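A.B. asks: Listed below are the residues making up each chain.
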Amino acid sequence: MDELIFFINRVLISGTVLGSIYALGAIGITLVFGILRFAHFAHGDMMTMGAFIGFCIASILAGMGIATPIPIAFVVLPLAMVVTAAIALGIDKGFYAPLRRRGVPSVTLLIASIGVTLMMQGLIRLFFGSGTRSLYINETKEIFRIDMSAFGGSRPISITEPQVLMIAVTVVLVLALHFFLTRSRLGKAMRAMSDNAALAQVSGINTALVVRVTWIIAGSLACVAGTMLALDVALMPDLAFNIVLPIFAAAIVGGLGHVYGAIVGGFLIAFAETLAVFNWTSILRPLTTWLPFDLPANLALVPTEYKLTVAFVILVITLLARPTGIFKGISS
Amino acid sequence: MALIELKHVVGGYGGAPILNGVNIAIEQSDIGVIVGPNGAGKSTTLKAIFGLLKVTGGTIEFGGEDVANSLPDKLVPKGLSFVPQEKNVFTSMTVEENLEMGAFTRTDDFRDTMRWVYDMFPVLAEKRRQPAGELSGGQRQMVAMGRALMSKPKLLMLDEPSAGLSPRYVIEIFETIVRVNKEGVGILMVEQNARQALAFASKGFVLASGQNRFTGTGPELIADPEVAKSFLGG
Chain A
157 MDELIFFINR
167 VLISGTVLGS
177 IYALGAIGIT
187 LVFGILRFAH
197 FAHGDMMTMG
207 AFIGFCIASI
217 LAGMGIATPI
227 PIAFVVLPLA
237 MVVTAAIALG
247 IDKGFYAPLR
257 RRGVPSVTLL
267 IASIGVTLMM
277 QGLIRLFFGS
287 GTRSLYINET
297 KEIFRIDMSA
307 FGGSRPISIT
317 EPQVLMIAVT
327 VVLVLALHFF
337 LTRSRLGKAM
347 RAMSDNAALA
357 QVSGINTALV
367 VRVTWIIAGS
377 LACVAGTMLA
387 LDVALMPDLA
397 FNIVLPIFAA
407 AIVGGLGHVY
417 GAIVGGFLIA
427 FAETLAVFNW
437 TSILRPLTTW
447 LPFDLPANLA
457 LVPTEYKLTV
467 AFVILVITLL
477 ARPTGIFKGI
487 SS
Chain B
1097 MALIELKHVV
1107 GGYGGAPILN
1117 GVNIAIEQSD
1127 IGVIVGPNGA
1137 GKSTTLKAIF
1147 GLLKVTGGTI
1157 EFGGEDVANS
1167 LPDKLVPKGL
1177 SFVPQEKNVF
1187 TSMTVEENLE
1197 MGAFTRTDDF
1207 RDTMRWVYDM
1217 FPVLAEKRRQ
1227 PAGELSGGQR
1237 QMVAMGRALM
1247 SKPKLLMLDE
1257 PSAGLSPRYV
1267 IEIFETIVRV
1277 NKEGVGILMV
1287 EQNARQALAF
1297 ASKGFVLASG
1307 QNRFTGTGPE
1317 LIADPEVAKS
1327 FLGG
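Same order as they appear, the protein sequences are chains A and B.
Going left to right, the first sequence walks through residues 157 to 488 as the numbering used here numbers them.
Going left to right, the second sequence walks through residues 1097 to 1330 as the numbering used here numbers them.
Honestly, the hints are just simulated from the structure, not real lab data.
Treat the hints loosely; a few may be bogus.
Unchecked claim - The calculated DSSO-like cross-link candidates involving lysine-lysine, where the alpha carbons are at most 30 Å apart (straight line), are: (1) 484(A) - 1223(B); (2) 1170(B) - 249(A); (3) 484(A) - 1183(B); (4) 1150(B) - 249(A).
To be verified - Examples of chain A residues toward chain B, derived with CB under 10 Å: (5) 341; (6) 348; (7) 359.
What the hints assert, rightly or not - Sample of chain A residues with no beta-carbon within 12 Å of chain B, all distances over it, derived: (8) 218; (9) 336; (10) 475.
Just so we're clear, the structure is a prediction, and the values are computed from it rather than from any experiment.
Virtual Cβ for every residue (Gly too), placed ideally from N, Cα, C.
The shape of chain A in the complex, shown without the other chains:
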């Protein structure tokens, strides 16, 4: 029983949290790709930017002596989302839109987004330095412990309050996005443009408006994902740049342009990573007597520092076996 509890604590809970972060990031990448047909490399830094904006607003509130019952990062999240969405719109207007008007190939936009990445990282370092900060301002994580003694477990299942909130926020946002895309006029227009941009234009759909809505959604979700990552790890300038590869892998594995694919891909990559670095010895220990060999102290498939390779391996396998992703994505 204790082994199962350990598994739940180490794999199920942290995998779900990581999966939520990847999914929200990958949704943004997949939406931008679907509508604008380019790989938005700066998405990771949009996430970091969002987390720092949340940090600024939270610091101001905390400085005013305002205490909140839940971690303040969640309270300021809606405002931070609005600001990040506005920045995303500004970046598009300033850098990508002029290039699109000239009808440049999508690789030019990709390179431009790498430029935006460098610029944003520079700006963040300029204002906040390169050190590590905590998004928990004068706060401690509350930990919920679910007593499992009734089931014969000596240890509790423990989940922190931020983890519960992260999962809840992700569920709410994904459902909201689902209803937006399937029920609203503008959401359907977004799917239409992702499906066939030329026909969307011919139908009289205001494609400029759809592009703006795409950036608003991608930017605000990036803010949430970045904030959650900062809560899960720590706030630093290269916070989300390090996970650009896994979230791109998630979007591609799920099928580019496909929102549900991005969600599935996000959780798939997150759980694969979590399982790969999980120390299986802790679970296999009760079987020691039956095993013909001694268990090593650490039996992980991949050492933690090579975690990033997991996303790579899944990406390569997907591209070999099913190039358009799990859900049939756009194969441009």
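The hints should help you fit chain B onto chain A, whose structure is shown.
C.D. replies: This is chain B only, laid out in the frame that chain A set:
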């Protein structure tokens, strides 16, 4: 006054012009058919009207208003609709969602229009919840026309509606076009099946090298020995 009137339209994709002075005039009661050899600028003419390429000379008037180089999101609310030849449905979306996208520019209640489209294409009503990509070629063409009709257009433009369809569907699509016209929608279409299409055309335009060669009613053009010899395959 004609519903749409093109006078000496010149235009192209930025290089040498493809249209070198096209003249077309259509009433709302008309079925206009543009025929001509490959590369004559037939589809290009429709695209020029719909703002999909640059018009550098001449005038395009729709309902008495100059609409040259206007974009589709301005043209559709004015009563102009276009069915492209290829990729003319949203394959990942249901039939009903495809129709809704045709009504994107409308802010009023379009349920009546949807009922009208379903009356015209009963098979679409049956498959309203099915992704358009799963339908047959003929049914897709119906979805594409239905989508274009959802904006309640005064003029419906079709680019080779019969392309790639089996003969049975070609006749069905042509019959539908005539029916749509009787409901008060002007038609301007490009057709490869020239003889068949001209048979029911009230206005026919033979284009070659981006210019009008012959203009007349459909039956007149079919009867003209020169048109028959050069453009209708004898």
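A.B. asks: Tell me the hint numbers this structure goes against, listed in increasing order.
C.D. replies: none
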